[in-house]
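Participant: As given, the protein sequences belong to chains E and F, one line each in that order.
Here the working numbering = 1-based position in the first sequence + 919.
Here the working numbering = 1-based position in the second sequence + 8.
FYI, nobody ran anything at the bench for these hints, they're computed from the structure.
Treat the hints with care, since some could be wrong.
Claimed, not checked - With the Cβ distance kept under 8 Å, some of the chain E side facing chain F (calculated, not the full set):
no.: 1; residue: N1015
no.: 2; residue: L1063
no.: 3; residue: V1064
no.: 4; residue: A1068
no.: 5; residue: L1197
Just so you know, even glycine gets a beta-carbon here, dropped at the ideal spot from N, CA and C.
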Amino acid sequence: MSPEIFFQIFVNGLFTGGIYALTAVGLTLIYGVMIIVNFAHGEFLMLGIYIAFWGFTLFGIDPYLVIPIAFLLMFAFGALIQRGLVQRVLDAHPLNQIVLLVGVSTLLVGVVQFFFSAEPKAMHVSYETAVITLWGLRLSIARLVAFFASLLISLLLYLFLKFTRTGKAIRAVSQSRDAARLMGINVNFIYALTFGIGTAITAVAGVLLAPNHRLIPTMGQAYSVIAFVVVVLGTMGNFIGAFLGGLIIGVVEAYAGFYLGGDVKIIASMLIFILILLFRPAGLFGRKNT
Amino acid sequence: MTRDTSTRISIGSLRNWLSAVLSDWDRTQMTLCYLLVFILALSPLFIKSTYYLGIIILTVIYAFIGISWNIVAGFTGQLLIAHIIFLATGSYTTIVLYNTYGITPWVGLLASGVVAGLLGVVVAFITLRYGLKMDYFALFTIALMVAMRTLFLKWDFVGGAVGMWFRLIDISFSNMIFKTKIPYLYIALGLLLIGLIVQYSLYRSKIGNYLLAIREDDDAASALGVNTSFYKMMSVVIGAALAGVGGGFYIMYVTFVEPPQVFNLALNVEIVMAGPIIGGLGSLAGPLLGALLNKPFIEIVRGVLAGGRSGATLIVYGLFLISTVLFMPQGITGVMYRLYLKVINRFNGKAEEVS
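The following block holds chain E by itself, in its conformation from the complex:
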């Protein structure tokens, strides 16, 4: 393999990994605060990409301008789901939590399929296939933008969690629900807020994918699975772990895709997933025993 191809694959993987990272950060945030695995996570990404599609085909809005709209819409949606559904099963048996979220995921796929058909769609923006060449590497503009936007959004979220009062409150709740409540933090508000943020940034990841990605209502499942892989790899509930895990899985998948062929690349991440689950369930950044 020539070095150009090697780096080309690396960069492609990194770009995909950016989206994975953003998705996984949303998932890990929700898990870290509520200790609940969001089995409907990929569907939030799917909704994001459909919002971009509707914005573009109905109103002619460029996907990148849809980002704030999608963020706000999906934030409200996520907060609503938390308030109305997830809040009620926080202390229930994990099986009930999973069944509820599988239900949400099934419902969302069903609604999108029912109203907008199960057929694959694409949105054909003018820069769909636009490419710039840099040091011999061909970089798709849409994916370049997606990568840096993911980076930026993750950074902003990190700073938000690190330095604002609300962010500190979120971290406090994730460390100890009861202690946080005793300190006067409105825990239920933090839950809704966190679920909203997690949902919103995942939807934004979907919007970022929109310019050159096929849309089908069932696409969420694959992203859910990837997000699970990434989050476990980077330690459940660990923000930076999820981000780095996303980039790692993106790159690994890119090389696996090159060597094994496109549809077998998922095997590589599944293999990593199973190995991590078996030998280091605490993930790369966790303590040895869970």
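On the provided structure of chain E, position chain F as indicated by the hints.
Facilitator: Frame of chain E; chain F shown alone:
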């Protein structure tokens, strides 16, 4: 569920028997199940349309597969979400044995149970050896499903991405291929009866107590001397083997298998999870009652309400799952149990019993 064994003395052996049954919720449930099986067995007398018979057959298969999941998830509380891997393994075993080697499905179904059971041993061994619990276990099974789908897509021996049609040319009893649907119905009912009996005897035995103890509190059960690993593995293997047999029969009946169809979370919700959850996970009659509601209702939705649009059934399943968890986490049998207690208490004139 509590096991109320108080009996009442009454005149006449039938009344005696009836009151003995009715004073015990487990036996009431089982009697209800047998009654339903009996009614289903009579259904060909009234229903001539092959379409409706087909729905009944699938309902029975769903109930059987529901039982297999109920033993793992309901009794033992294991988060084996992607239970469909066992069903898929069973379906591939049956179809490959018949198509490639000409082995009759009568043997094939047993082999499916064995192969799926072995997969169950592997899954249970891995998860127990490495102590995967709760969410991690659930994620592991889903990852396994995705990995298996990809492998089966590339595995030409089992048809790869093209899939496999069940060869229907030799119509004969020994090949388990029939002209009409009625023999299929009776075979399915036979399976269901076996499933019900296995489930009940497991539940009533000492093992059943161990499984329920593990569900309620894993560590406490272990501290009391229950070999939790052994019984967890046992429940996974029994569930897997039953699902394998069910999968083999299911695929014989639908006659076609391909990886995206069987290694599929939507089908998993439809065929494995919905029935027991609606009916009442961990209860004896739950899988059958759930399947009776699940399949016919979803066919009405698919045929009438949706008007050919896809997605309607998914909406219904989503709403089913969400509302069951929120409004009746014990399912239909939970509601029935509360009614039952009220009736029994009034009947006996006893003090309130705490459920």
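Participant: Could you run down the list of hints and mark each one as holding or not?
Facilitator: Against the structure, the hints:
The criterion of a C-beta within 8 Å of any C-beta in chain F is met by N1015/E, whose closest approach is roughly 5 Å, and the hint holds. About 29 Å separates the beta-carbon of L1063/E from the nearest beta-carbon of chain F, more than 8 Å, and the hint is not met. A least Cβ separation of about 29 Å between V1064/E and chain F goes past the 8 Å threshold, and the interface hint is therefore violated. Interface hint at A1068/E: violated, since its Cβ lies 28 Å from the closest Cβ of chain F, which is beyond the 8 Å cut-off.
Here the hint on L1197/E is kept, as its CB sits about 4 Å from the closest CB of chain F, short of 8 Å.
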